[in-house]
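**Q** Next come the chains, spelled out residue by residue.
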Amino acid sequence: MLTRPRALAAAAVSALLLMSVASCGSGDNTTTPTNSAASTGNSVTSGGEITVRGCTPQNSLLPPNTSEVCGGNVLDASEAKLVHYTPDDAAPELDVAASIDTTDSVHWTVKLNDGYMFQDGTQVKAKNFVDAWNWGAACSSAQLNSYFFAPIAGFTDPSGDGCNTADTMSGLAVVDDLTFTITTTSPTSNLVVRLGYTAFAPQPDAFFADTSEGKANFAKLPIAAGPYQIVKNDDTQMVLQKFAGYSGKFPGSVDKVTFKIYNDTSAAYNDVVANNLDLTDVIPSDQLVGDAWKTDLVNSDGTNRWGTKDTGVIQVLTYSAVDAQLKNTSLRQAISLGWDRAQVTKAVFNNARTPATGWVSPVADGYKADQCTNCVFDAAKAKQLYDAAGGYKGTFLIWVNGDGGHDAWAQAVCNQLKNNLGMECAVQTTPDFKTLRNKITKRDADLTGMYRGGWQMDYPSIENFLAPIYATGASSNDGDYSNPAFDQLLVDAAAATTNDAANKLYQQAEALLDKDMPSMPLWYQQSQFGFSSKIKSVKMTPFSTFDFGSVVMN
Amino acid sequence: MSEIVTTTAAERPRSLGADAWDVMRRRPLFWVAAVLVVLFVAMAIAPELFTTKDPRSCDLAFSRQLPSAGAIFGYDFQGCDIFARTVYGARASILVGIFTALAAALLGGLLGTLAGYLGGAVDAVLSRIADIFFSIPLLLGAIVVGSVVPLSPNSPLWRCVIQIVLVLVLFGWPNTFRLMRGSVMQVKPNEYVQAARALGANPFRVTTSHIVPNALTPLIVVSTIDLGSYIATEATLSFLGVGLPGTIVSWGRDISAASGIGYIRNAPHMLLFPAAALCLTVLAFIILGEVVRDALDPKLR
Chain A
144 MLTRPRALAA AAVSALLLMS VASCGSGDNT TTPTNSAAST GNSVTSGGEI
194 TVRGCTPQNS LLPPNTSEVC GGNVLDASEA KLVHYTPDDA APELDVAASI
244 DTTDSVHWTV KLNDGYMFQD GTQVKAKNFV DAWNWGAACS SAQLNSYFFA
294 PIAGFTDPSG DGCNTADTMS GLAVVDDLTF TITTTSPTSN LVVRLGYTAF
344 APQPDAFFAD TSEGKANFAK LPIAAGPYQI VKNDDTQMVL QKFAGYSGKF
394 PGSVDKVTFK IYNDTSAAYN DVVANNLDLT DVIPSDQLVG DAWKTDLVNS
444 DGTNRWGTKD TGVIQVLTYS AVDAQLKNTS LRQAISLGWD RAQVTKAVFN
494 NARTPATGWV SPVADGYKAD QCTNCVFDAA KAKQLYDAAG GYKGTFLIWV
544 NGDGGHDAWA QAVCNQLKNN LGMECAVQTT PDFKTLRNKI TKRDADLTGM
594 YRGGWQMDYP SIENFLAPIY ATGASSNDGD YSNPAFDQLL VDAAAATTND
644 AANKLYQQAE ALLDKDMPSM PLWYQQSQFG FSSKIKSVKM TPFSTFDFGS
694 VVMN
Chain B
16 MSEIVTTTAA ERPRSLGADA WDVMRRRPLF WVAAVLVVLF VAMAIAPELF
66 TTKDPRSCDL AFSRQLPSAG AIFGYDFQGC DIFARTVYGA RASILVGIFT
116 ALAAALLGGL LGTLAGYLGG AVDAVLSRIA DIFFSIPLLL GAIVVGSVVP
166 LSPNSPLWRC VIQIVLVLVL FGWPNTFRLM RGSVMQVKPN EYVQAARALG
216 ANPFRVTTSH IVPNALTPLI VVSTIDLGSY IATEATLSFL GVGLPGTIVS
266 WGRDISAASG IGYIRNAPHM LLFPAAALCL TVLAFIILGE VVRDALDPKL
316 R
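Note that the protein sequences, when read in sequence, are chains A and B. When the letters of the first sequence are read in order and numbered with the numbering used here, they come out as residues 144 to 697. When the letters of the second sequence are read in order and numbered with the numbering used here, they come out as residues 16 to 316.
Among the clues, some could well be false.
[To be verified] Looking from chain B toward chain A, a few residues come up when the C-beta cut is under 10 Å (computed):
id: 1; residue: Ser72
id: 2; residue: Leu75
id: 3; residue: Gly94
id: 4; residue: Phe98
id: 5; residue: Gly134
id: 6; residue: Ala136
id: 7; residue: Ser167
id: 8; residue: Pro168
id: 9; residue: Val257
id: 10; residue: Thr262
id: 11; residue: Ser271
id: 12; residue: Gly275
id: 13; residue: Ile276
id: 14; residue: Ile279
Simulated from the structure, these hints should not be mistaken for lab results. Treat the numbers as computed from the prediction; the structure is a model and nothing was measured. Here a beta-carbon is modelled for each residue, glycine too, at the ideal position from N, C-alpha and C.
Using the sequences and the hints, build the whole thing.
**A** Here it is, written out as structure tokens:
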């Protein structure tokens, strides 16, 4: 889903995973507080309590209804799925599932680990998945993430609303307590990678027993199978307690995690600097200038208490679908070639973003570097293409939303285009993100030039960066891009029998984007985070959430 | 000032204007304010006299560089010359200030005179209308209008200035209206007005020749003082993103772009210079207004 709030919330930074990898290992001789965890036999036993910056979830805390970072942060820690993404590189590894097998990328057999427990003491069974998915996909449930289930056979969506008009999907069948089968409508070679998304979490019997509207009672304190249990959830905080009976391979370390709700990220940042808050996942952008935040977040012994992490977010500017002048491909190429990504990321973001070299985040499975030949700064070639294309008449507009701190970079891009191509360029801000999205959705006639788009991956696969954005008629195809060859490659890739073969085809499809330039990649986002002196180290995942299993206390 | 000259006296003393000028020119503050006003107005009229650099030509390579011989105010975030931007920014700010003050004085003055002279139903209706606009805070109203009718970067300078001026006048005129109304009511019972009436002058002549000239002083004074605050309001609106668009160089825009604790810590000069120019201009107009008030109002001498 394009530029959803989750993407907005993710702040940015430099390429290196600066958090020490060594620090997450076992054998940390950390002092364990007296209220130490009832250890579940895992190697990292740190105990203690931490407070984390939280924000008010947009919707009820149900996995199929949470698509933004405020609720996602919490559910990430509390839900267990078939597949778990490693915190380092988002590689999928089996969690609740013991195996997921297929021979044709259409018929899949899922076997569950025996004895995997929900937080209410009931066992996670095949029907908990099948029923939860059927419920999450159905239009009658009105869940935001229902479109995630679209590949499953029996998902009927004649009106294109992204939800299943029927109550069940024929492609799901329970074989026995620990086995179920998935049949997809068409070959979906990367299904396993998708299954780690929060929407695919199982639901306990208590969920189905809840008869309240939209499962509102259940959603207050949802019961899941993950390492942390939500024990308190109100307007000011959400408290997660370590689940003593957790049965999976990815346990938490600290005993208690409290998400304190902040409306202002600067306030959260200041609290972390003052050691009143233990973790923040957002550093205000003005603190990035001159690396002010790095000097703020240093312990008295000189060790750092900040980190950065590459996340699966790419920022692009889409060539307007309503601008007739931009139908000229060489003009689009000239605009992409005519400014220096490295200089902008350095000056505006203090290198807190990585210049894009393609349309797919390096975090994603199937990423290939240097796919975008038009993303390499070449003023001379750009000017030549620009002049050959006859230039751009009128003022070229770059549309950004005014509430996301996009003014500065957009102005910098504009200035470079002015200097290098000699075109008139101006930044047009809309009061907020919603206004911009509404204009784009309506393809407003005054929306000439380019408009900003950010994409936060749903699951770490190259497919997720191509199909939803550039396939003909796709839900987030803001630039109305349509190329039959591109569409065919996507179909072929989905039908490939191995993931590697699929990725090769996806990479060929991405190469077509370089020829047609439907959008101009800007940079890959990184997240910066800060922590208090209480914490020795912590890892952030490529989804900009914290991995509470890797928290090591001082 | 000649229109303020009163025509009642038979012995032809020195006019009020000449009197005021005599007082003002002996005050050093007047000269300080006047020099500043002339300087900034000159910047607004002919910025190219002050700098040869183009405020819109920016090179990111110079981003946030400190003041140096080549750029005496340094460079801003985008690598634009801050001195050039400060000089060119005067035009939009001062245009808005002067036109708003003029328009508010004209509209408020005219309606205030009507209400004060005619009284009765006209006064009641006009005063209630003024109360309605008075109850809406100027800044709030301007933000609402600015969000509903956003200015496009394609709009030329005059179009943007006119919109901002209209908005500020719309919510600013009750001030001058009240002032003028009160002032007219105060002058109206005077003997010379009665005398003019008794001699058969029509209401138009009574108002224009006798009442307005004698009731105008407070309006002139307050308008001069308000001029400064209108410039500050324009800067505030641009700062909030509902004022002048980014294509127009203005102090408010530059101050907005340079704000943020992190920026101030690392590159305070980006904020300092446009903010100082704004402060000096507002200060100059306010001092000028006060000096004029002191000079025109004998009670304060």
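**Q** Indicate, hint by hint, whether the structure satisfies it.
**A** Hints versus structure:
Interface hint at serine 72 of chain B: satisfied, since its Cβ lies 7 Å from the closest Cβ of chain A, which is below the 10 Å cut-off. A cut of 10 Å between beta carbons decides the hint on leucine 75 of chain B: the least distance to chain A is about 5 Å, and the hint holds. Given hint, glycine 94 of chain B at the interface with chain A, holds; its Cβ is 7 Å from that chain's nearest Cβ, closer than 10 Å. Because the closest C-beta pair between phenylalanine 98 of chain B and chain A is about 17 Å apart, greater than 10 Å, the hint is violated.
A cut of 10 Å between beta carbons decides the hint on glycine 134 of chain B: the least distance to chain A is about 44 Å, and the hint is violated. This hint is violated: alanine 136 of chain B has a C-beta 42 Å from the nearest C-beta of chain A, more than the 10 Å allowed. At its closest, the beta carbon of serine 167 of chain B sits 7 Å from a beta carbon of chain A; the interface hint therefore holds under the 10 Å criterion. About 3 Å separates the beta-carbon of proline 168 of chain B from the nearest beta-carbon of chain A, less than 10 Å, and the hint is met.
Evaluation of the valine 257 of chain B hint against chain A yields a held restraint, the C-beta minimum of about 8 Å falling below 10 Å. With a cut of 10 Å, the hint placing threonine 262 of chain B at the interface with chain A holds, because the nearest CB-to-CB distance is about 5 Å. Interface restraint check: serine 271 of chain B against chain A, minimum CB-CB distance 9 Å, threshold 10 Å, status holds. The beta carbon of glycine 275 of chain B comes within 3 Å of a beta carbon in chain A, closer than 10 Å, and the hint placing it at the interface holds.
At a threshold of 10 Å, the smallest CB-CB gap from isoleucine 276 of chain B to chain A is about 6 Å, leaving the interface hint in force. With its C-beta approaching chain A no nearer than about 8 Å, isoleucine 279 of chain B sits inside the 10 Å limit, and its interface hint holds.
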